[in-house]
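Engineer: For reference, the chains in residue letters:
Number of protein chains: 4
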Amino acid sequence: MFQRIAFLGLGSMGAPMAANLLKAGFPLTVYNRTAAKAEPLRALGATMAATVTEAGAGANVVFTMLTDDAALLELTLGPGGLLSALPTGAVHVSCSTVGPGTTRQLAAAHAAHGSALVAAPVFGKPDAAAAGRLWVGAAGPAEARQTVMPLLEALGQGVREFGDDPGHASVAKLCGNFLLGAVIESLAEALTLAEKAGLDRVGFYEMLTSTIFDTPVYKSYGRLIATQHYQPVGAPPAIIRKDMNLLVQEAYAQAVPMPLANLIRDRLTATVALGEPDVDWASFAKRVSEDAGDFQ
Amino acid sequence: MFQRIAFLGLGSMGAPMAANLLKAGFPLTVYNRTAAKAEPLRALGATMAATVTEAGAGANVVFTMLTDDAALLELTLGPGGLLSALPTGAVHVSCSTVGPGTTRQLAAAHAAHGSALVAAPVFGKPDAAAAGRLWVGAAGPAEARQTVMPLLEALGQGVREFGDDPGHASVAKLCGNFLLGAVIESLAEALTLAEKAGLDRVGFYEMLTSTIFDTPVYKSYGRLIATQHYQPVGAPPAIIRKDMNLLVQEAYAQAVPMPLANLIRDRLTATVALGEPDVDWASFAKRVSEDAGDFQ
Amino acid sequence: MFQRIAFLGLGSMGAPMAANLLKAGFPLTVYNRTAAKAEPLRALGATMAATVTEAGAGANVVFTMLTDDAALLELTLGPGGLLSALPTGAVHVSCSTVGPGTTRQLAAAHAAHGSALVAAPVFGKPDAAAAGRLWVGAAGPAEARQTVMPLLEALGQGVREFGDDPGHASVAKLCGNFLLGAVIESLAEALTLAEKAGLDRVGFYEMLTSTIFDTPVYKSYGRLIATQHYQPVGAPPAIIRKDMNLLVQEAYAQAVPMPLANLIRDRLTATVALGEPDVDWASFAKRVSEDAGDFQ
Amino acid sequence: MFQRIAFLGLGSMGAPMAANLLKAGFPLTVYNRTAAKAEPLRALGATMAATVTEAGAGANVVFTMLTDDAALLELTLGPGGLLSALPTGAVHVSCSTVGPGTTRQLAAAHAAHGSALVAAPVFGKPDAAAAGRLWVGAAGPAEARQTVMPLLEALGQGVREFGDDPGHASVAKLCGNFLLGAVIESLAEALTLAEKAGLDRVGFYEMLTSTIFDTPVYKSYGRLIATQHYQPVGAPPAIIRKDMNLLVQEAYAQAVPMPLANLIRDRLTATVALGEPDVDWASFAKRVSEDAGDFQ
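Residue numbers (our numbering), protein chains in the order written: chain A, -18 to 277; chain B, -18 to 277; chain C, -18 to 277; chain D, -18 to 277.
Isolated chain A, as found in the complex:
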């Protein structure tokens, strides 16, 4: 059924996703700009491609998991790009978190080429990707979605579909990251107040996450915030800041005031301006502590 499947972009998310496809028995040709990152997949049976063109040539399905809109557009539409290498009828599964405009631009290019785009952003951190616990949101032409569904199901614990417009999956993913940002901001404010009011910071976190917020999102981000130790890095501040700016621009386009989204975007901007790149993006919680006089 899938004669040839390719996966391009083997960073902290892409590598475990590709591994899961291999473990599920799908043949996979992989490519990464920095080739060394592809090596661990060789042991799982992946075929190495030296160039984007080589990866895309003859592929029925090609996954991409890249850093941002510019990288995705360049790799797909640029000179020596993926699109020109794809055969008619191929499906491009774009898993990157990008703006809906970028997604729709790609979809139109694919339609003109005779191929199809399915936007399939994933919800979860690298550790969830490795554990097969990602959630996948998929949107794009119905037939193409149906084609790649077995592959999407191999990526995680379930697929949710958003219809034919692939831009909708991008909006959903940006909203998902925003909701996580709201969890971080609210926990940061609550734990900081509680601590300054005399409660035990970690103890209060444990109380909250063993009662009304007894759920993985609050536990995982909350632990980073409660302990003020922002490791390991699920995603760095600059990457999610980029996402929040895409969200704010979509909110502008749709005429939706989003004061909390603005706040989160600005927290991340301050975090980037302050220059701490090697921390999880939840580290913007430190801005709350600092505003309360705590520079520990």
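There's no promise every hint is true.
Where chains are identical, the list cannot tell them apart; a pair therefore holds if satisfied intra-copy or between any two copies.
Unchecked claim - Okay, derived cross-link-like pairs now, SDA-like style, lysine to any residue, Cα gap no bigger than 25 Å in a straight line:
no.	residue 1	residue 2
1	K200	G144
2	K4	T192
3	K200	R114
4	K18	N41
These are computed hints drawn from the structure, not numbers from a lab.
Here the structure of chain A is known, so what remains is to put chains B, C and D in place on it, guided by the hints.
Structural biologist: Below, chains B, C and D without anything else, positioned relative to chain A:
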């Protein structure tokens, strides 16, 4: 062990809490300013008290669940109040959501009287109270806490302790309501953007709460917001607005800037100013829709 | 010295600016997409141009005053555009409020063409333009700035220079509009609170603007807000909303959190979403009243 | 006409105000908790009072200029306080910036005593007080206002009246400080963005304040912000933070959402939490720079 237990304040939260104590086999004398609300408890075996003094006289333990700081202070410290009726060694379990200053003022009055205050605010809506699914946060003198622990355990699914300072339990409860407000604001912004961007509002809610936010808080508040139907009323906007003002004042006292708390307080202020009292406080989510041009 | 000067864009700002140049004795060729708007200038001695190309052909200096970035880029760089019509050595004086990126893109195109761009945004409303009370901020290559200085001085009551980078003038103009937005937001909040607290809204405005805020900006915007009558239209909400989005994007590019800019942008977004186009942009002050329950 | 006038509270504002009354030819008895601050007024002809009671005894008019609500209430209503020393028919002119509730509480106490309260907060910094350039806002019973009008006129360059309710003058004063805070926040955001975008920070300040913002408020606060040198201290952060909290509480009481007031209050809270007391309150502008990564 408990010769006489009283429960004062039988509103939407107090009534089911008192009922749970009765169902657990504890004898209970009940009082409510509007006596009719006490009637259903008679069938469960409660003794009716006609006045606060009658309720408190000879009680080892007395619960209060009242609307706000002023009501609690008046009932406890005012003329003909609870404190003067209590015997030495009694324990007052204060379940109301009030400011830490009020709680500490009460604790000092009890200490002078020879009785003790345990602050035991509860986390959960009326339906959770009825189902015995409340969480209880308790703080106060260790001996008094130990005394009332079997009673607190009968109120819900678990007790979390915050040490000797009863004010800490009040801070924890205010933070809990704030965190719920953050859930509401973030869902309102996300669902409004998603809807205006073309996604199905309810469908996106279902996607979110069946994946990364698959937890009761997001499901219950999210359903109100997704459907824009703010019934039944867990708590009305004016009550939680009062709580958020207490929180903001505690943040002022502790010198903690809390921009998200300010936002939520203001959303509730607008909701109260607009005059819709008979809705759940999650209805402040409508302000997000209105700012986006939707006055449906 | 100026053999041929052209002015393109004769809206509510451009028309009085062009008139001032004519009144100062400068010969002027004028162009507007809707030609009827150019007619009143004919009486002042202007030469009519039927196309952009005709306006630009042989011009030493050409002014543009257009709605937004897209209009400016299209008119200048599009097919049949201004740039291709200009002779080598010409100076393009761009008075529109646009993003610094757009300004720099134009400057680069001019440099390649052998002409020069001077960004010269103006500070003031249409009535100030008509009265010759605009302030002009100019930036661009020093020689080009010197060339057009007598013309800029004829536009208003003074010119302020921002150096060689024309993008700096665009940033300054966006900041100027932001500062006006802050005046509007702060007056709206203050007057609304004062009114609800029992003071006379207009009387308090008059007190403020006859004492510590006795200055034209506070008087003119304040009058609209105090009387809640947002006429005449200096600039409509959608136009300044566009400016505030450019500002917010520049703040993102420079990594400067600007919470007040976000607030103003969102106030304008709500105003546009609510659909009241034919009012001055200061009408976003009504959002403050509405949040306080006043829908008069 | 004025047999005996007293002035209590000789801080950075009170001292020059008292001096202006003396210079205008009014006899004055002065009192300050720290007596040394009263000494310079002796040379201008002031009579020294050793206690509050001594200052108030037999006074027709008594001015107070104190730090906050608590100080004013204690000095006036506390044991050995001003009220008990005042003769029937006396007028208390309260110049402090306090909440409208405090002002109304004092007015009621005076009415019961047979004296009257005129709230007369002043608008301007210590240097304006010294130069006789304050503005005075007066409210209270009409007869009492009329009585003290010549004295109020001696304090500055003009008096504005707010009617019979002295609380209205307090609201007006709080709004005035809020509007100044908005000037500071907006200039801080604009100058920080401009600087990071490449403009000269001080030069842009000079451009703004020589054109559309050519007015003392923008010039004086703007100079502190442009140069990032927050001296001299007009008022320290903690004092205006207290005012902004009074404003926010009045906004709560009147049900007026004021997001900009919240922002300014939080900026001041962060400034106090960071522990820089000996600077002008405009130093909260540094928070904007810090959020943009600048800790110079």
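Engineer: For each hint, tell me whether it holds in the structure or not.
Structural biologist: Hint check:
no. : hint        : verdict
1   : K200 x G144 : between (32 Å within a copy, 23 Å between copies)
2   : K4 x T192   : between (37 Å within a copy, 23 Å between copies)
3   : K200 x R114 : both (16 Å within a copy, 20 Å between copies)
4   : K18 x N41   : within (23 Å within a copy, 58 Å between copies)
When each numbered hint is compared with the structure, no violation occurs for any of them.
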